[in-house]
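Asker: Starting from the known structure of chain P, fit chain X onto it as the hints suggest.
Below are the chains, spelled out letter by letter.
There are 2 protein chains.
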Amino acid sequence: MILLDGKAAAQKILDGLKEQAAALSKRPRLAIVVVGKDPVVDTFISQKKKAADGIGVDMRVYPFPTEITTNELRKRIAEIVHEKRNTGVIIQLPLPPHINKQYILNAIPAEKDPDVLSGRAIGNFAVGKSPVMPPVAGAIQKLFEEYKIDYRAKSIAIVGAGALVGRPVALWLMTEGVGFTLITENTAYPEAALREADIVISGIGKPRSITEDQIKKGAIIIDAGTSESAGEIVGDVDADSVSAKASVLTPVPGGIGPLTVAILFKNLMTLAQA
Amino acid sequence: MILLDGKAAAQKILDGLKEQAAALSKRPRLAIVVVGKDPVVDTFISQKKKAADGIGVDMRVYPFPTEITTNELRKRIAEIVHEKRNTGVIIQLPLPPHINKQYILNAIPAEKDPDVLSGRAIGNFAVGKSPVMPPVAGAIQKLFEEYKIDYRAKSIAIVGAGALVGRPVALWLMTEGVGFTLITENTAYPEAALREADIVISGIGKPRSITEDQIKKGAIIIDAGTSESAGEIVGDVDADSVSAKASVLTPVPGGIGPLTVAILFKNLMTLAQA
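If you read the protein sequences in the order shown, they are chains P and X. Quick note on numbering: our numbering labels position 108 of the first sequence as 217, and the sequence is numbered without any gaps. Quick note on numbering: our numbering labels position 179 of the second sequence as 288, and the sequence is numbered without any gaps.
Chain P on its own, in the form it takes in the complex (with noise of 0.2 angstroms):
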């Protein structure tokens, strides 16, 4: 089995935009609004200033209190998104329960909406009129890429339809009229799909959930999801299980993690220079 490495893959793509960014008349700034402390949090926040830093863009973190206000919040978003310097803001999720989580992301216009997961992004990206992609759909296409791993004529299965991951990359696949199978609770015959599967993409947050009886083999498995396990991080996929039998996997952490902050920033350079 061939482990993908999603971060020689993401460093590819910082040193592109470490040139980039020099070229610019003006430094690009990520905003970044916190809500709450989560040491896990933290870690994907220092992941993304370790990559701006590289790349020499700025970063700066709007922290606030966990019990703010959905209205609260929105207001002090817009004052965030109507400051000039910031180029792109985005909002670190999850966020406490009690707030309204998709009024607060259409909180960003489009055109500073480098996650793409405002109504209006997703939108465009939708009808094919977005400067950028969601950032894990950017990151699976680049390993696609890079791997040379031909996925129209597969058989793909996405497990999950969460808003991070399985929505965004079903978007995708729909934009490029490639097929593919959407695996939910609701499912009726999970097993059969999944083990259908010529490429798995999953993005459910369910640790090491899925093992070797489920896969097919010879199956390319993207491991998307991202949970906490006895203070890890650890992906959907049993990769020891899964070893055996599968051809290439994507490992957690290391994989479409770091990959994901750098077309993050990418993103964020293509704002910058529209």
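If you're looking for bench data, these hints aren't it; they were derived computationally from the structure. Some clues are possibly wrong.
The list makes no distinction among identical chains, and a pair is therefore deemed to hold if it is satisfied within one copy or across any two copies.
As the list claims (entries may be wrong) - Lysine-lysine pairs mimicking DSSO-like chemistry, simulated, CA-CA at most 30 angstroms apart:
1) LYS263 <-> LYS238
2) LYS135 <-> LYS315
3) LYS184 <-> LYS238
4) LYS184 <-> LYS326
5) LYS326 <-> LYS158
6) LYS146 <-> LYS184
7) LYS325 <-> LYS193
8) LYS238 <-> LYS315
9) LYS263 <-> LYS315
10) LYS238 <-> LYS146
11) LYS121 <-> LYS210
12) LYS121 <-> LYS135
13) LYS221 <-> LYS184
14) LYS221 <-> LYS158
15) LYS263 <-> LYS146
16) LYS127 <-> LYS193
17) LYS263 <-> LYS326
18) LYS238 <-> LYS193
19) LYS116 <-> LYS184
20) LYS238 <-> LYS221
21) LYS157 <-> LYS257
22) LYS221 <-> LYS210
23) LYS238 <-> LYS210
Model, not experiment: these values are computed from the prediction.
Answerer: Here is chain X on its own, set in the frame of chain P:
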């Protein structure tokens, strides 16, 4: 095999809308932008006119010559959209091939888009923030409700990833967390995917191309395809062929078509009331 009566279900919706229209202080108006001339398009428009007259809604057709440029058409649509009397504006498809279709569709703001085809309206729908559903998706949902078809626990195949049927139906199912298989021209094993489906939703516009040998015994077949064959409007499904094997079929004409028109006017009413 049961033939689902789309006309009857549509009439129920239109009857309800008639009452709602009577309660409004101002008659809603649907504006239809038509480019060029086509007898099939004339049929579609007269069906809409009949529905509009029945519920007491105004309809105004704005005709343009086939040769109009994308820029000129977009300018004219901006005027039509700004006209206060127009509650909703739709673009009659297909447009001539020289017109940039999505750019034209994007000229309609979400609050005047009962067809849910602008990027903005699709984005709102994709993130669960739309008061209206794409008409074909709404039509299929209504039919499932009317005939008590529990689609959530079934294996669903969507045939085609077009902007009018496949994509909006896929988006609808995703927002409900319902899995499905999307079959396109690129699909690796289309026959297997189709033959395993409990419910087939087709929108490819290939006359009578789905036949008995391609479906599962007892399947529910939703034919949302319309094309012209020898001067007749026909569906994607060969009804004579599948009738011995399917349990349920929507006829063409008289199935999804009239229900889609009814949902279009339901959307118009929702926009009028907003």
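Asker: Could you run down the list of hints and mark each one as holding or not?
Answerer: Here is how each hint holds up against the structure:
Only within a single protomer do LYS263 and LYS238 lie at most 30 angstroms apart by alpha-carbon distance; the minimum there is 26 angstroms, versus 34 angstroms between protomers. For a Cα distance limit of 30 angstroms, the shortest separation of LYS135 from LYS315 qualifies neither inside one copy, at 42 angstroms, nor across copies, at 53 angstroms. Proximity of LYS184 and LYS238 under a CA criterion of 30 angstroms is satisfied in both settings, with 28 angstroms inside one chain copy and 19 angstroms between copies. For the identical chains of this complex, LYS184 and LYS326 are neighbours neither inside a copy (52 angstroms) nor across copies (56 angstroms), given an alpha-carbon limit of 30 angstroms.
For the homomeric pair LYS326 and LYS158, neither the shortest alpha-carbon distance inside one copy (39 angstroms) nor that between copies (57 angstroms) is at most 30 angstroms. In this assembly of identical chains, LYS146 and LYS184 lie within 30 angstroms of each other by CA distance solely inside one copy; the values are 21 angstroms within and 49 angstroms between copies. Taking identical chains as interchangeable, the C-alpha atoms of LYS325 and LYS193 are never at most 30 angstroms apart, the minima being 51 angstroms within one chain and 58 angstroms between chains. In this assembly of identical chains, the alpha carbons of LYS238 and LYS315 lie at most 30 angstroms apart only when taken from different copies (27 angstroms versus 33 angstroms within one copy).
Taking the shortest alpha-carbon separations for LYS263 and LYS315, both the intra-copy value of 25 angstroms and the inter-copy value of 24 angstroms come in at or below 30 angstroms. Proximity of LYS238 and LYS146 under a CA criterion of 30 angstroms is satisfied inter-copy only: 28 angstroms between copies versus 36 angstroms inside one chain copy. Taking CA atoms no more than 30 angstroms apart as the test, LYS121 paired with LYS210 passes in neither setting, with 33 angstroms inside one copy and 36 angstroms between copies. With identical chains, the CA atoms of LYS121 and LYS135 are at most 30 angstroms apart within one copy only, with a shortest distance of 23 angstroms there and 60 angstroms across copies.
Proximity of LYS221 and LYS184 under a CA criterion of 30 angstroms is satisfied in both settings, with 16 angstroms inside one chain copy and 27 angstroms between copies. In this assembly of identical chains, the alpha carbons of LYS221 and LYS158 lie at most 30 angstroms apart only when taken from the same copy (18 angstroms versus 42 angstroms across copies). In this homomeric assembly, LYS263 and LYS146 never come within 30 angstroms of each other (Cα to Cα): the closest approach is 42 angstroms inside a single copy and 41 angstroms across copies. In this assembly of identical chains, LYS127 and LYS193 lie within 30 angstroms of each other by CA distance solely inside one copy; the values are 22 angstroms within and 50 angstroms between copies.
For a Cα distance limit of 30 angstroms, the shortest separation of LYS263 from LYS326 qualifies both inside one copy, at 14 angstroms, and across copies, at 27 angstroms. When the C-alpha separation of LYS238 and LYS193 is checked against a cutoff of 30 angstroms, the pair qualifies both within a copy, at 24 angstroms, and between copies, at 28 angstroms. For the identical chains of this complex, LYS116 and LYS184 are neighbours neither inside a copy (37 angstroms) nor across copies (48 angstroms), given an alpha-carbon limit of 30 angstroms. Taking the shortest alpha-carbon separations for LYS238 and LYS221, both the intra-copy value of 15 angstroms and the inter-copy value of 20 angstroms come in at or below 30 angstroms.
When the C-alpha separation of LYS157 and LYS257 is checked against a cutoff of 30 angstroms, the pair qualifies only within one copy, where the shortest distance is 27 angstroms, while the shortest distance between copies is 49 angstroms. When the C-alpha separation of LYS221 and LYS210 is checked against a cutoff of 30 angstroms, the pair qualifies both within a copy, at 18 angstroms, and between copies, at 25 angstroms. Both within a single protomer and between protomers do LYS238 and LYS210 lie at most 30 angstroms apart by alpha-carbon distance, with minima of 24 angstroms and 11 angstroms respectively.
Checked against the numbered hints given earlier, this structure breaks hints 2, 4, 5, 7, 11, 15, 19; the rest are met.
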